[in-house]
Amino acid sequence: MRVSTNSFTNNFLYEIGNLESQQTTLQSEVGTGLKLTEPEDDPSAMNQVLNLQTEASSTAQYQSNIAQIQTTATTASDALNSLQTLVEQAGEIATEAGNSDTSSTQLSTYAATVGNLISEAMGIANTQDSNNNYIFAGTNTGTAPFTATTDSNGNVTSVTYNGNTSVASSEIASGLTVSAQSPGENNSGSGPGGVFADSRAGADVFAHLIALQQDLTTAAANGNTSADTTAITADHTNLTKDEDNVVTQISTNAVLQSTLETASNVAQQQATTFTSQLSNDTNADLATTLTQLQQTQTAYQASLQSGAMVMQLSLMTFLS
Amino acid sequence: MISLFGTLDMGARSLGVQQEEMTVSGQNLANVNNSAYAEEQLEVSESTPDESSIGDEGTGVQITGITEIRDPFLDTQIQGEASTTGSLTAQQTNLQNAEAYLDEQISSTTSSNTPDSANGLAADLSSMFAAFQGLTTDPSNLSLRTTATNAAQTVATQFTTVSGQLTNIQNGLNTSIKNDVATANQDLTTIASLNQQIVEAQNSGGSAVQLVDQREQTLESLAGVANFTTSAQANGAVNVSIGGITMVSGINVTDGLQAYDPGTGNLMVEDTNSSAPITLTGGSIAGEITARDGALASLQSGLNTLASQLITNVNSIYSTGYDLNGNTGQDFFTGTDASNIAVNSTVLSDPSSFQASSEAGDAGNDSIALSLAKLGNQAIAGLGNQTFSSNYAQTVSDLGTSISTVNDNLSASQAVSQMLTTQRANTSGVSLDGEMTNLIEYQKAYEASAELITTVNEMLQTVVNMKTS
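Protein chains in written order, with the working numbering: chain A, 1 to 320; chain B, 1 to 469.
Looking at chain B on its own, in the form it has when it is part of the complex:
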């Protein structure tokens, strides 16, 4: 039979356990808004009973550990979706930048009151061919010649400006890839170091729940940059592989990512140890590479083809013409593609050198100007039998389609993330109402245990008083 002191002891242990329950509840309440936090629970069990002649006598309660409620499957899914969202966000941002630089925004602020896109290359090309048309009505007119060359110069400037800005975006993407690689390596180091602390904590019998929360947060941050697979180890560590190559094994960082130039000037990603190229399918690095080598590259090449076809076709007509001074053979456009197209400086500075006539010394002859004007409506073989304007419109709408696809996928991915986060919050998150109820329970239990101690104390008092009375 347990002595009164034994019962007193049991009451004291119970007080301690209730107090610890309060502490865990307090910790849960404090982290109610921490999305990476998983609700903690105090694991308690009945302490080892004393065997006696009347059977096993209870000795109260003991703490067996602090655990957290985590669903590893949900965590993996959330990491995967974070990679998808990261990739799409990187694509969206950069493609929308390119869209803004194209300057094909519809507005209705122009005098005509008809909504149109007045600032981009579409309007510039139309103005140029219209100016060639206008020149045919009075081919020797110097001001019409100036209008035509200026309109062409506007087209050339728009080409080079947009081309330069697209190159800037691509350079920016290469820098982002470098930065993201550094972030990923940093995260891998953090994960390995957290693995080490978790393994140590568990070996010494301690609780590692806060460390696991931190590691989960780091894994989710890494997922936003590069997609990976994990495998949980028995000792509590998590191994991380990117592109099939193990980067974190237990407590060690075994490999890392590095950006390399495959000779194109556009950075790709490989592993540090064996320089094996890694194809990422998610995370911002993958998004940056997809945007750069996909929609942006085809936009850039579309503009280059358009510019080079414009240069070739205009020059082949123009160079056979004669200017007002009887000179011939000059090119109208210089340069080879969108990055360097420009109007020949001679004709820019001297409109009389515009070769509009097909006969030397024939000021009123507009054959060349008319051929240039008609070029605007001609199907160009080098542009898949589209006109210059319709080819450009196609390029713009292709970019629009790319962005609109990314937009749709991104909002789907965000919805999935939201759903998964809600599921995890409902499983692992803290419920204020639940914790409040727990607090009352623990408080009542604490009061009851205290009552037990008071009662045992009074009984002990009675025992002591038995001798004096």
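Just chain A, with the same shape it has in the complex:
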């Protein structure tokens, strides 16, 4: 076969060009550790990577939402536990005071103690979370939900609820929304349970505490008549309903916290899965790539060596 001088060099250049470009691709894979950098490298893997990336970003946001809600839920849990203790204390006072033996002096002391408990309960009712949002105000988080009216003696005579009965919720997983907020009061008969007052449970912490304080004061003034004992015993029954209602709220909060915990673990696992899937789609297999690079380099070297040898040879070398 006739081979022209030009065709040899042309072919030689074409071949080492191919090897060079193959070598560059492999070298850049080794250098970056990535087998996929541009959409054209592997369009379907790119599609998957972009979708995984979106999922990973959502998951990271869910984790951040979970952390935020957990903080609020912990604050709510502390407040609810304090409230339970407080209502329990009031109940104990009512039990002891509901005894006909109790002296007027003791009844006055009890009345003063209940007065303190009311102030304490006001503090709990107006609890704020780390973002200075009131957690027992429903969605009216910017305004203190409970305001008290006092008489000339400084005793609270009534407490008004300024919040509403709805709560704001956030997603903690795709399609799963939860809320760490609770309305302070819900007498509508539907929706999330009110912490301090709820018509369904017959609970109304402030009204019942105020009634107890007033009954204790009356009893102290009247010398603890049987009518007073009856009234105080009735207050005790009401406070028991309040405590039951708070316990319900505490267990709701516990369920929420465990839901958050589970969601957080799931999100964590998902994040790990997304990371490893992303890595599978994009990271080069170094062992294979390096071997291929070695092969290409060997071919390149052989091609250069043989080419250089053949190119030097021509009839002219031997004509003199």
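One or more of the hints may lead you astray.
Said to hold, decoys possible - A partial selection of chain B residues facing chain A, derived with a Cβ cut-off under 7 Å:
no., residue
1, Glu99
2, Ile106
3, Thr114
4, Asp116
5, Ser126
6, Asp362
7, Asn377
8, Leu399
9, Gly400
10, Gly429
11, Ser431
Stated by the list, open to error - Have a look at the derived ranges for each label pair, beta carbon to beta carbon:
no., chain 1, residue 1, chain 2, residue 2, range
12, B, Ile69, A, Leu290, 45 to 51 Å
13, A, Thr272, B, Thr161, 31 to 37 Å
14, A, Ser152, B, Asn315, 54 to 60 Å
15, B, Asn385, A, Thr272, 27 to 33 Å
16, A, Gln312, B, Val463, 52 to 58 Å
17, A, Leu290, B, Lys444, 56 to 62 Å
Just so you know, the hints here were simulated from the structure itself, not pulled from any lab data. Each residue gets a CB set at the ideal place from its N, CA and C atoms; glycine is no exception.
Following the hints, position chain B against chain A.
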């Protein structure tokens, strides 16, 4: 019987022919690296013999012409492949530009150490929906509101930037089409003028091989711009037709190409004489039109659909919401598509006017923010029931597929070109070894002819000396 002078004359002619052989070899050696060059050969034949009583007596050698070794079939194939390569190269360059502007490159330089595409619209969309999610945890928080509007503004800016750059590429393609049309017309003029010189050279009995080489080079350059068909004429001219319309007929340019705007702002090609649209199937003009009206147009329209669906869906939720001051009814996004999407300037400058609440005066209400956040995972009817992110990922991977197809076709076309070029080089190309051998042959023949002249000269000397002695 031929006289001694006749023999001397024969030797002199032989010297001339060997010398001409050397010249042709020299020409071949000089063009050893010229890829369009076809090896030339000196055609020689025995000169007319003298009839004599003893039979025909040879009178030596004569030159009948210089020819070149060309395979017209290979030339046509190389022209065709040049058109394919030209078209694919134009597509590859422009689509890769668009790919770069999308900015969806995977890198592992981010802090997370997981390789991802952190700069493109995919990441921006995720950040925006994440910011809406974040806002639900504290809807009245001004800094969370600002984060959400800024993330949305980043999405809008990325849309308009990419859209603007795609428009630039399309404008650039229109300019390239105009330039390529001018180049093609220039080549047609050159071919007609070379036809004329070749016809003239052949009519006057001269050799036109260099002109044919030049014409072949011009035809191959034209093939890179627009595909055509040729038909060789008996007088040596080549007629050229583009899209079935004769552009060069013999020595005349009978028609030309021109770019025209069919009303879309995107240039197409027609012939100059009758303004008949020409559909090119190869060459850079065809590649430019294919890239512009194919992958780039669908990328552009994909982004426009995505942006307009984002605007409509976000606004229809957002506009029913209330801001911290009890105002309602504003849109979140302004604009209609990827070229002009922007976040409402009111909410950008004042985060308290973000309408996150579904009730007037209810600062902690996050219903609207939550609906916006959930929109990120919703199948959107206007996007073929894909989510915003998956629709965009599809658009990106569609472009990737287009480029990867062009890449594959281009490397196949380059391999075919290479094969054809090698075939032509082996047929028409110069072989150094062959020419060296020829040189030795011609040198020896020249020496032999010179020896003949010396010998005849000595014989003539002898004849002259016969008288004096």
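Results of checking the hints against the structure:
1. Glu99: 6 Å, holds
2. Ile106: Constraint on B/Ile106 satisfied, holds at 5 Å.
3. Thr114: 5 Å, holds
4. Asp116: 5 Å, holds
5. Ser126: The hint holds - B/Ser126 has a Cβ within 7 Å of chain A, the shortest such distance being about 3 Å.
6. Asp362: 5 Å, holds
7. Asn377: 5 Å, holds
8. Leu399: 6 Å, holds
9. Gly400: Constraint on B/Gly400 satisfied, holds at 3 Å.
10. Gly429: Nearest chain A Cβ about 3 Å off; hint holds.
11. Ser431: 5 Å, holds
12. B/Ile69 <-> A/Leu290: 45 to 51 Å: 48 Å, holds
13. A/Thr272 <-> B/Thr161: 31 to 37 Å: 34 Å, holds
14. A/Ser152 <-> B/Asn315: 54 to 60 Å: Since the Cβ atoms of A/Ser152 and B/Asn315 sit about 56 Å apart, the hinted range of 54 to 60 Å holds.
15. B/Asn385 <-> A/Thr272: 27 to 33 Å: 29 Å, holds
16. A/Gln312 <-> B/Val463: 52 to 58 Å: The hinted range 52 to 58 Å holds for A/Gln312 and B/Val463, with Cβ atoms some 54 Å apart.
17. A/Leu290 <-> B/Lys444: 56 to 62 Å: 58 Å, holds
Violated hints are absent here; each numbered hint is respected by the structure.
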